[in-house]
Amino acid sequence: MGFISEFRDFAVKGNVMDMAVGVIIGGAFGKIVASVVADVIMPPIGLLTGGVNFTDIKISLKDAVIDQSGKILAQPVTINIGNFLQTMVDFTIVAFAIFLLIKALNALKRRVVAETPAPPAEPPRQEVLLSEIRDLLKQK
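Numbered by this note's numbering, the letters in the sequence shown go through residues 1 to 140 in order.
Treat the hints with caution; some may be incorrect.
[What the hints assert, rightly or not] Beta-carbon label-pair distances, calculated as ranges:
id, residue 1, residue 2, range
1, F96, P117, 32 to 38 Å
2, T49, D18, 39 to 45 Å
3, T87, V16, 25 to 31 Å
[Stated by the list, open to error] When the alpha-carbon atoms are kept at most 25 Å apart in a straight line, the in silico DSS-like pairs for lysine-lysine are as follows:
id, residue 1, residue 2
4, K58, K31
5, K31, K103
6, K58, K71
Derived by calculation from the structure, the hints in this document are not laboratory data. We put the beta carbon where it would ideally sit given N, CA and C, even for glycine.
Based on the sequences and whatever the hints tell you, model everything.
Right under this line is the structure:
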């Protein structure tokens, strides 16, 4: 089997396609969560903390270099703690949402398993043999 056909077989397997769909949906879900955090959750928290915008929290290691005309010659070097906090909140919300989703799916699976009736028990061996003898006698 050639390299190309092996790759084709690998790429069209169900697991690879499911994973690709999961990555795409995950990316879209991540954007939604980032918007919820940045646009809905963080503004009230910033208001409670005195109007602080978390993405503006930075530790400056080196100031920007500016010439006399106001042109920036070198950008400042900063540690962006606010972006880190924003990312941590995003992660926490995504992890919690996935936890709730998995918990709901597991509860649904348990309910489906509980509702599925057990198959009837197999009759004892003696009854099976007697049924076979009866059927043979009927044929004669």
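Which hints, by number, does the structure contradict? none
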